[in-house]
Amino acid sequence: MRSDRAPLGLKVAAIAGLLFLHLPILLIFVYAFTTEDRSYQWPPPGLTTQWFAVTWNRPDVWEALSLSVRVASISTVIALILGTLAAAAVSRTRFFGRETISLLVILPIALPGIITGISLRSAFNLADIPFSFWTIVLGHATFCVVVVYNNAVARFRRTSGSLVEASMDLGATGFQTFRHVILPNIATALLAGGMLAFALSFDEVIVTTFTAGQQQTLPIWMLEELVRPRQRPVTNVVAMVVVLVTFLPILAAYYLTRGTDTVAGSGK
Amino acid sequence: MTSADTSPASPVTAPDAATRLSDILWRRPRLLIALLIGPPLAWLGIVYLGALFALLAQSFFSIDEFSGQIRYELTLSTYAELFRAYNLDIILRTVAMAASVTVAAAIVAFPIAYYAARYATGRWKAIFYLGIMLPLWSSYLVKVYAWKLILAKEGILGWLFETLHLTWLLEAYLAIPGIGGNSLSVSWTGTFLVFLYVWLPFMILPVQAALERVPPSMLEASGDLGARPGQTLRHVLIPLALPGIIAGSIFTFSLTLGDYIVPQIVGTSARMIGQAVYQYQGTAGNIPLAAAFAVVPILIMAVYLWIAKRKGAFDAL
Amino acid sequence: MTAAVEFRRVERHYGEVRAVDGVDLSIAQGEFFAMLGPSGSGKTTCLRLIAGFERPTGGEVAIMGAPMGDVPPYRRPVNTVFQDYALFPHLNVRDNVAYGLMIAGQGRAPRRRAADEALEMVALPGYGARKPSELSGGQRQRVALARALVMQPKVLLLDEPLGALDLKLREAMQEELKALQRRLGITFVFVTHDQGEALSMADRVAVFNDGRIVQAGTPEDIYYRPEAPFVADFVGSSNLLPPEVTRRLGLGDGPAALRPEAVRLVSEGGHAARVTGLAFLGTATRLSLDLDGHRMTALIPRGADMPAEGSDVRIGWAPDDLHLMKVSA
Chain A
1 MRSDRAPLGL KVAAIAGLLF LHLPILLIFV YAFTTEDRSY QWPPPGLTTQ WFAVTWNRPD
61 VWEALSLSVR VASISTVIAL ILGTLAAAAV SRTRFFGRET ISLLVILPIA LPGIITGISL
121 RSAFNLADIP FSFWTIVLGH ATFCVVVVYN NAVARFRRTS GSLVEASMDL GATGFQTFRH
181 VILPNIATAL LAGGMLAFAL SFDEVIVTTF TAGQQQTLPI WMLEELVRPR QRPVTNVVAM
241 VVVLVTFLPI LAAYYLTRGT DTVAGSGK
Chain B
1001 MTSADTSPAS PVTAPDAATR LSDILWRRPR LLIALLIGPP LAWLGIVYLG ALFALLAQSF
1061 FSIDEFSGQI RYELTLSTYA ELFRAYNLDI ILRTVAMAAS VTVAAAIVAF PIAYYAARYA
1121 TGRWKAIFYL GIMLPLWSSY LVKVYAWKLI LAKEGILGWL FETLHLTWLL EAYLAIPGIG
1181 GNSLSVSWTG TFLVFLYVWL PFMILPVQAA LERVPPSMLE ASGDLGARPG QTLRHVLIPL
1241 ALPGIIAGSI FTFSLTLGDY IVPQIVGTSA RMIGQAVYQY QGTAGNIPLA AAFAVVPILI
1301 MAVYLWIAKR KGAFDAL
Chain C
2001 MTAAVEFRRV ERHYGEVRAV DGVDLSIAQG EFFAMLGPSG SGKTTCLRLI AGFERPTGGE
2061 VAIMGAPMGD VPPYRRPVNT VFQDYALFPH LNVRDNVAYG LMIAGQGRAP RRRAADEALE
2121 MVALPGYGAR KPSELSGGQR QRVALARALV MQPKVLLLDE PLGALDLKLR EAMQEELKAL
2181 QRRLGITFVF VTHDQGEALS MADRVAVFND GRIVQAGTPE DIYYRPEAPF VADFVGSSNL
2241 LPPEVTRRLG LGDGPAALRP EAVRLVSEGG HAARVTGLAF LGTATRLSLD LDGHRMTALI
2301 PRGADMPAEG SDVRIGWAPD DLHLMKVSA
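Residue numbers (our numbering), protein chains in the order written: chain A, 1 to 268; chain B, 1001 to 1317; chain C, 2001 to 2329.
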């Protein structure tokens, strides 16, 4: 019964809402090509690609990018392991603390990032842990667990429990069952969860400011530029690249889970 | 053993370590659960809850006003400081901002969510899905930055008003005390717009999820019973979407309460909770007061979540 | 000969819930054995205890004489056809069937051959390359069967395997399963809540209720000679005459079961009853009767003179058809 037409007002409001969500991001793309380098003047007085070359030759951008990629990669791996384990445990049985586990996993993103950040900082402070690559990873992995967990739980729920029993019934031990049945069935969900975790970590700034010390991830670098602009065109170019880089894993995650996760809510 | 005549090596004769472990886990299914849940529980329990506890502990310490050193004695004096007028101001200002952002987000999100849930099919369904997911996941800082570009005096909004010869209108609006300012990028309105923008997708998704569970026949039944579209909206649609709106509001409210970057980049000099926490722990070095400030959003959210849970909002997450 | 499956005082309790509560059972080799009962009666749990997906909290399960206490599912000489078939969605039909052989370490060529043979046996030749999602319910059921049979189990466990099929397909599969079992000589243990299925296929039937076996015996025993009111009531739509009615009519001292088709209209003798309703069923007509204040039904074959609703009739039955039960049961 979806053949009926939407009221015009609703249609206009919905499309206006989508434009509101997307136009600001598109604006970034235009600014990356502007010739103006002192203000945010609109419309741009001229267009140029010179800032891409300038940005390419900035070692601080490369260093920040490299740190972000390394942090995101390690955090994603940790989140994949922890999130999958938690999802497997929760979906396997109805044990006593399941609700608590779900809450505990969601808490790091449900509470404002500043709380996670300052909590970790207080803990490092009390325990005399100096800031390092690993203090950043510690924070990132903590809030990345939830995206992997959510993806994996949804897939486990759809993967009938009798598949595991069928495998063991046919002679496979627990580990063989994991390798031949569970893993192939949750692989795309894990891949999707991992990509989202990567995107989440790659972007994160609030928690990172509290756990990074003097190190600069790419978002921290951008934040510095926003607070104290040094070379605005370089910031514009970096912003555009960040948008493009994060879109790819999101699109990939969408196509990986398409037909399973999205169709589930679409009704008939 | 299952097919002794076909398998080359019977697993019974020489079980390897993996098989032995598998046997043990079969005999003790609880051990398997414990092994599965152990690592994530340990991580979140030690790293996250431990850190939260450290934060809580710090908030009961105080700072020596002369030496600037932390005194490790339990005291409530740091919490008492929260009730000083300028700190209370910060809390009330932040809660007011969070509340307005939440209400506005619900209003803007509803048509998008409703259209996506009920009218979008096939190709449009995918467009709407990605159209909400991409802004949700794209870089937070970039989004804030985009609004710095938009709201700047020389930026696209100013240009738009000028082109339409409406600059006087913008200036009149900015002259309103409280919500105005020198330019949009240093006004309360600017902060509000950016918050609305960055958290909007968090509201759309749960509302859409809630609305997708409403069978269209239910709306037809309402129309059939003589309700005008407005009445159906008020008496059927909004009550059914409410759990989704509450679920979304958990995000918009919580995220606004704790944010310190948006008001720092776009906004007035009046601080919000997040900025206070950041400054007290950073430049002021007053970690106890920062911790006590950070407890405020936790308490507010605890109350909020408790109410939301009673309204059944978690089913829509 | 050792029993294929033996239960000795087997219990499976979940906290306060007694899913299986002291079951003794012996299934002979080559037997087609049905476990029949309503949902929650413990029959499926018993099947899972044989397969090893559950462990007894008391008593012992033995397969082919060997106690299974510490034997995990992957080392038991049994295989299962699951209610939802549990076909691996990421594997094609052939790899599904060959899965157990692959795990057992068999080479690629021989296991593909074995899988193809098994598919032929269940009348699905040439379906090997398809994905389970491309098959109909009946076809999936056959694949599940082939996947279990290719392992040459000593005992094949079937958990409501026909439940998801439509009536026509179900009847055809019943016959096929029966023929297959005769041909292979494997012990089949079959769980169902459908009494018609159990009675038509099995050599022996165990009727479950509340975690216990109420009666085990041949289909004829179960059908004609129920030992407990529950059996008479659950297996078909037997008329249950409570003890006060049997006593009043001078038939005996305990409850009695009487099949509707055994009831006949007689011109004299018998017992007086009133017709309270009629339903035309095609080959027969079902009469609802009031016998001395007790409701019962009778199936009258086509051709007989039908009384009108509300009329008084006399009914009778052959003495053998009335089955008196033990008072305690």
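Since the hints were derived computationally from the structure, they do not count as laboratory data. One or more hints might be untrue.
As the list claims (entries may be wrong) - 25 Å max Cα-Cα, derived SDA-like pairs, lysine to any residue:
hint: 1; chain 1: B; residue 1: K1148; chain 2: A; residue 2: F133
hint: 2; chain 1: B; residue 1: K1125; chain 2: A; residue 2: I15
hint: 3; chain 1: B; residue 1: K1125; chain 2: B; residue 2: V1214
hint: 4; chain 1: C; residue 1: K2178; chain 2: C; residue 2: G2236
hint: 5; chain 1: B; residue 1: K1125; chain 2: A; residue 2: F20
hint: 6; chain 1: C; residue 1: K2326; chain 2: C; residue 2: K2178
hint: 7; chain 1: A; residue 1: K11; chain 2: B; residue 2: R1123
hint: 8; chain 1: C; residue 1: K2131; chain 2: A; residue 2: L163
hint: 9; chain 1: B; residue 1: K1153; chain 2: A; residue 2: R232
hint: 10; chain 1: C; residue 1: K2154; chain 2: C; residue 2: R2008
hint: 11; chain 1: A; residue 1: K11; chain 2: B; residue 2: H1235
hint: 12; chain 1: C; residue 1: K2178; chain 2: C; residue 2: P2077
hint: 13; chain 1: B; residue 1: K1125; chain 2: A; residue 2: L251
hint: 14; chain 1: B; residue 1: K1148; chain 2: B; residue 2: A1104
hint: 15; chain 1: A; residue 1: K11; chain 2: B; residue 2: N1182
hint: 16; chain 1: B; residue 1: K1153; chain 2: A; residue 2: S39
hint: 17; chain 1: B; residue 1: K1153; chain 2: A; residue 2: R228
hint: 18; chain 1: B; residue 1: K1148; chain 2: A; residue 2: R230
hint: 19; chain 1: B; residue 1: K1309; chain 2: A; residue 2: L103
hint: 20; chain 1: B; residue 1: K1148; chain 2: A; residue 2: I15
hint: 21; chain 1: A; residue 1: K11; chain 2: B; residue 2: K1125
hint: 22; chain 1: B; residue 1: K1148; chain 2: B; residue 2: K1125
hint: 23; chain 1: A; residue 1: K11; chain 2: B; residue 2: M1133
hint: 24; chain 1: B; residue 1: K1148; chain 2: A; residue 2: T48
hint: 25; chain 1: C; residue 1: K2154; chain 2: C; residue 2: G2185
hint: 26; chain 1: B; residue 1: K1148; chain 2: A; residue 2: Q176
hint: 27; chain 1: B; residue 1: K1153; chain 2: B; residue 2: N1182
hint: 28; chain 1: C; residue 1: K2131; chain 2: A; residue 2: L256
hint: 29; chain 1: B; residue 1: K1125; chain 2: B; residue 2: L1242
hint: 30; chain 1: B; residue 1: K1148; chain 2: A; residue 2: F20
hint: 31; chain 1: B; residue 1: K1148; chain 2: A; residue 2: L19
hint: 32; chain 1: B; residue 1: K1148; chain 2: B; residue 2: L1134
hint: 33; chain 1: C; residue 1: K2131; chain 2: A; residue 2: L190
Note that the structure is predicted; figures quoted are calculated from it, not measured.
Hint by hint, here is what the structure shows:
For the hint pairing K1148 (chain B) with F133 (chain A), the CA-to-CA distance comes to about 30 Å; that exceeds 25 Å, so the pair is violated. At most 25 Å may separate the alpha-carbon atoms for a hinted pair to count; K1125 (chain B) and I15 (chain A) meet this at roughly 13 Å. For the given pair, K1125 (chain B) sits about 17 Å from V1214 (chain B) by alpha-carbon distance, which is consistent with the 25 Å threshold. For the hint pairing K2178 (chain C) with G2236 (chain C), the CA-to-CA distance comes to about 21 Å; that is within 25 Å, so the pair holds.
Restraint check for K1125 (chain B) and F20 (chain A): satisfied, since their Cα atoms lie roughly 18 Å apart, inside the 25 Å limit. Distance check on the hinted pair: K2326 (chain C) and K2178 (chain C) sit about 33 Å apart at the alpha-carbon level, beyond 25 Å; violated. As the CA atoms of K11 (chain A) and R1123 (chain B) are separated by approximately 16 Å, the hinted pair is consistent with the 25 Å bound. Between K2131 (chain C) and L163 (chain A) the CA atoms are separated by roughly 15 Å; this keeps the pair inside 25 Å, and the hint holds.
This hinted pair checks out: K1153 (chain B) and R232 (chain A) have alpha carbons roughly 16 Å apart, not beyond 25 Å. With a C-alpha separation of about 20 Å, the suggested pairing of K2154 (chain C) with R2008 (chain C) holds against the 25 Å cut-off. Pair hint K11 (chain A) plus H1235 (chain B) holds up; C-alpha atoms about 21 Å apart against a cutoff of 25 Å. Among the hinted pairs, K2178 (chain C) with P2077 (chain C) is consistent with the structure: their alpha-carbon atoms are about 21 Å apart, no more than 25 Å.
Distance hint between K1125 (chain B) and L251 (chain A) is fulfilled; the C-alpha atoms sit about 15 Å from each other, no more than 25 Å. Under the criterion of a C-alpha separation no larger than 25 Å, the hint pairing K1148 (chain B) with A1104 (chain B) is consistent with the structure, at around 20 Å. For the given pair, K11 (chain A) sits about 36 Å from N1182 (chain B) by alpha-carbon distance, which is inconsistent with the 25 Å threshold. With a C-alpha separation of about 10 Å, the suggested pairing of K1153 (chain B) with S39 (chain A) holds against the 25 Å cut-off.
At roughly 18 Å between alpha-carbon atoms, K1153 (chain B) and R228 (chain A) fall within 25 Å of each other, so this suggested pair holds. Taking the CA atoms of K1148 (chain B) and R230 (chain A), the gap is near 15 Å; set against the 25 Å cutoff, the hint holds. Of the pairs offered as hints, the one joining K1309 (chain B) and L103 (chain A) holds, with about 12 Å between alpha carbons and a cut-off of 25 Å not exceeded. Distance restraint check for K1148 (chain B) and I15 (chain A): the Cα-Cα separation of roughly 24 Å lies within the 25 Å cut-off, and the hinted pair is therefore satisfied.
Between the alpha carbons of K11 (chain A) and K1125 (chain B) the distance comes to roughly 14 Å, so the proposed pair stays at or under 25 Å and holds. Among the hinted pairs, K1148 (chain B) with K1125 (chain B) is inconsistent with the structure: their alpha-carbon atoms are about 31 Å apart, more than 25 Å. At roughly 19 Å between alpha-carbon atoms, K11 (chain A) and M1133 (chain B) fall within 25 Å of each other, so this suggested pair holds. A threshold of 25 Å between alpha carbons decides the hint, and for K1148 (chain B) with T48 (chain A) the separation of about 21 Å falls inside it, so the pair holds.
Pair hint K2154 (chain C) plus G2185 (chain C) holds up; C-alpha atoms about 9 Å apart against a cutoff of 25 Å. For the suggested pair K1148 (chain B) and Q176 (chain A), the alpha carbons sit about 55 Å apart, so the restraint of at most 25 Å is broken. A hinted pair counts as satisfied when its Cα atoms are at most 25 Å apart, and K1153 (chain B) with N1182 (chain B) qualifies at roughly 9 Å. Under the criterion of a C-alpha separation no larger than 25 Å, the hint pairing K2131 (chain C) with L256 (chain A) is consistent with the structure, at around 19 Å.
With a C-alpha separation of about 22 Å, the suggested pair K1125 (chain B) and L1242 (chain B) falls inside the 25 Å cut-off, and the hint holds. Annotation: proposed proximity of K1148 (chain B) to F20 (chain A) holds, straight-line Cα distance about 15 Å (limit 25 Å). Of the supplied pair hints, the one linking K1148 (chain B) and L19 (chain A) holds, its CA atoms being roughly 18 Å apart against a limit of 25 Å. The suggested pairing of K1148 (chain B) with L1134 (chain B) holds, with an alpha-carbon distance near 20 Å, which does not exceed 25 Å.
Straight-line distance between C-alpha atoms of K2131 (chain C) and L190 (chain A) comes to about 22 Å, which keeps the hinted pair within the 25 Å bound.
Hint compliance for this structure: hints 1, 6, 15, 22, 26 are broken, all remaining hints hold.
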